[in-house]
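Order-wise, the sequence lines are chains A and B.
For what it's worth, the numbering used here labels the leading residue of the first sequence as 1, then goes sequentially.
For what it's worth, the numbering used here labels the leading residue of the second sequence as 1, then goes sequentially.
In short, the hints are calculated from the structure, not lab data.
Please read all numbers here as calculations on a predicted model, not as lab measurements.
Treat the hints with care, since some could be wrong.
If chains are identical, the list can't say which one is meant, so a pair holds when it fits in one copy or spans any two.
Claimed, not checked - Here are the computed lysine-lysine pairs in the DSBU-like style, where the Cα-Cα straight-line distance is at most 35 Å: (1) 49 - 250; (2) 107 - 49; (3) 107 - 250; (4) 49 - 210; (5) 250 - 210; (6) 137 - 210.
There are 2 protein chains.
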Amino acid sequence: MDRLSYEEASARYVRLVEAELAAIRRREAGRIHPRLLEAMFYSIEGGGKRIRPCLTLAVCEMLGGSLQNALPIACGLEMIHTYSLIHDDLPCMDDDDMRRGRPSNHKVFGEAEAVLAGDGLLSLAFEVMLRAAAESKDPRILAAAYEAAQRAGAAGMVSGQSADMELEGAVNPTGDMLRYVHRHKTADMLEAAVVAGALTAGADAGVLEKLRRYSAEMGLLFQITDDLLDATGDQELMGKTLGKDAKQGKLTYVTLLGIDGAKREAEAAERRAEEAISGLENADYLLQTVRRMLTRSR
Amino acid sequence: MDRLSYEEASARYVRLVEAELAAIRRREAGRIHPRLLEAMFYSIEGGGKRIRPCLTLAVCEMLGGSLQNALPIACGLEMIHTYSLIHDDLPCMDDDDMRRGRPSNHKVFGEAEAVLAGDGLLSLAFEVMLRAAAESKDPRILAAAYEAAQRAGAAGMVSGQSADMELEGAVNPTGDMLRYVHRHKTADMLEAAVVAGALTAGADAGVLEKLRRYSAEMGLLFQITDDLLDATGDQELMGKTLGKDAKQGKLTYVTLLGIDGAKREAEAAERRAEEAISGLENADYLLQTVRRMLTRSR
Numbered sequence: 001m002d003r004l005s006y007e008e009a010s011a012r013y014v015r016l017v018e019a020e021l022a023a024i025r026r027r028e029a030g031r032i033h034p035r036l037l038e039a040m041f042y043s044i045e046g047g048g049k050r051i052r053p054c055l056t057l058a059v060c061e062m063l064g065g066s067l068q069n070a071l072p073i074a075c076g077l078e079m080i081h082t083y084s085l086i087h088d089d090l091p092c093m094d095d096d097d098m099r100r101g102r103p104s105n106h107k108v109f110g111e112a113e114a115v116l117a118g119d120g121l122l123s124l125a126f127e128v129m130l131r132a133a134a135e136s137k138d139p140r141i142l143a144a145a146y147e148a149a150q151r152a153g154a155a156g157m158v159s160g161q162s163a164d165m166e167l168e169g170a171v172n173p174t175g176d177m178l179r180y181v182h183r184h185k186t187a188d189m190l191e192a193a194v195v196a197g198a199l200t201a202g203a204d205a206g207v208l209e210k211l212r213r214y215s216a217e218m219g220l221l222f223q224i225t226d227d228l229l230d231a232t233g234d235q236e237l238m239g240k241t242l243g244k245d246a247k248q249g250k251l252t253y254v255t256l257l258g259i260d261g262a263k264r265e266a267e268a269a270e271r272r273a274e275e276a277i278s279g280l281e282n283a284d285y286l287l288q289t290v291r292r293m294l295t296r297s298r
Numbered sequence: 001m002d003r004l005s006y007e008e009a010s011a012r013y014v015r016l017v018e019a020e021l022a023a024i025r026r027r028e029a030g031r032i033h034p035r036l037l038e039a040m041f042y043s044i045e046g047g048g049k050r051i052r053p054c055l056t057l058a059v060c061e062m063l064g065g066s067l068q069n070a071l072p073i074a075c076g077l078e079m080i081h082t083y084s085l086i087h088d089d090l091p092c093m094d095d096d097d098m099r100r101g102r103p104s105n106h107k108v109f110g111e112a113e114a115v116l117a118g119d120g121l122l123s124l125a126f127e128v129m130l131r132a133a134a135e136s137k138d139p140r141i142l143a144a145a146y147e148a149a150q151r152a153g154a155a156g157m158v159s160g161q162s163a164d165m166e167l168e169g170a171v172n173p174t175g176d177m178l179r180y181v182h183r184h185k186t187a188d189m190l191e192a193a194v195v196a197g198a199l200t201a202g203a204d205a206g207v208l209e210k211l212r213r214y215s216a217e218m219g220l221l222f223q224i225t226d227d228l229l230d231a232t233g234d235q236e237l238m239g240k241t242l243g244k245d246a247k248q249g250k251l252t253y254v255t256l257l258g259i260d261g262a263k264r265e266a267e268a269a270e271r272r273a274e275e276a277i278s279g280l281e282n283a284d285y286l287l288q289t290v291r292r293m294l295t296r297s298r
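Here chain A stands alone, though its shape is the one from the complex (with noise of 0.2 Å):
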């Protein structure tokens, strides 16, 4: 891998990924209900960019893992991913109409087949990972499947979009209630995604934690340029002045800590994310991941 730049690297990944989960399509195309498998996959191939499973991918093989194996949990996290976005997108979440410059998935098939086709995608996740742990008999992707169901489960991602909620509607949100919506809504499915692929390479203990640092301050980083996005109009970040007020009346690292504060905070979690896996070899693309998500745009 390391005669491939990291544009080249994630591109490669973003065509295993994206020819997967073409596959499941192709699959599924006699057994699920034309307009439901519409309504999933509608929303599957409104692009975006693939961080999550990118990072299961890399990860496996940074640690000499088999792409095959992480493949369908790459696909798995893509699928949770999408579904998340799906539901919070509805009326009575975020309601927003547009997702990546498409109407938003109720606007096109309405909302009760946009429930349905969260829920379908979800249930499909689980679906195609226990197949893959169930056919392979594989230890190490029933334990990348166990790892993804905690991490986007009630106690991880579920839990933050609950808590986002709440946030909204106090009175007096806190930095602490901030930091509790990002660990759970936005970390913890980085984290599934870097600490699943590293399962289905079979990681020991040591490498295991070296990963989660990582993604929790990944996490920390993804979110605070995130709110930089919203605070500077989605221009590059480092180096902008400030082009739009922040969403009024919303907590966010930007409200918490001004502009430069976020910044300072930003480029403290970067640094924190590559001290975290030092000790790793071949942890370029690794690297290169948070390096750039400091300067990202949208």
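Could you slot chain B onto chain A? The hints should help.
Quick look at chain B alone, frame taken from chain A:
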């Protein structure tokens, strides 16, 4: 088990399932966001007859398996069934204000939290089943979890829900559409319960095949009697006359076959269910289950 009556055996299974669900709630109390946990278990603790988990435990025991192996699968299926009811009751779906004599989930917690409570229960179901499979290293539990994922999933129960919405909007609904809906919306979850129970006991292919045929007939029987209960005003079934009209405009087995035709079809399905498992020993609980379904009330 043969010393217990059907009622005593059912009560014992319900106690085991409800004790395990309570243990899951206690374990999750420090992990899941408090309001989300409350919303999830409001519906879990809302009662119901626990038909699916009782079937899972009964089949496992009938085949000489360990109830400890079957309990996480039984609880997973009850959580999946409960999530489907929460989402089904949402205003954008069936818009039901009441469920089992209490306000439905979204009437108590709001729509957004109800969506998340369903997502949380579906995720926790797989987390509980995957934990049992990973910690036991027992391939029979993994096989049962995979069976649950297939029947409850996108090609199973969720396809049934999607087709049901299509059926309600159809200008010329057909008997084939009705059968597709109930095959997936109702029978698939009953098949999951019965077959997953058998898998936890390591049942062979011949036994699984008999149990699949039994479950399909039970699903048909369950749905016809449901339609008859709607049509006869929730009175006891056989021997009663029409209490109130079937729901206007909705195709059911009663509108399709008439009251007497539906009763005959229910009796025929019950006979076929018995025949499907005629070669199995210790099948008294399964035989009683379908016999009582024929005369059930709500």
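*When the hints from earlier in the document are held up against this structure, which numbers fail?*
No numbers; nothing is violated.
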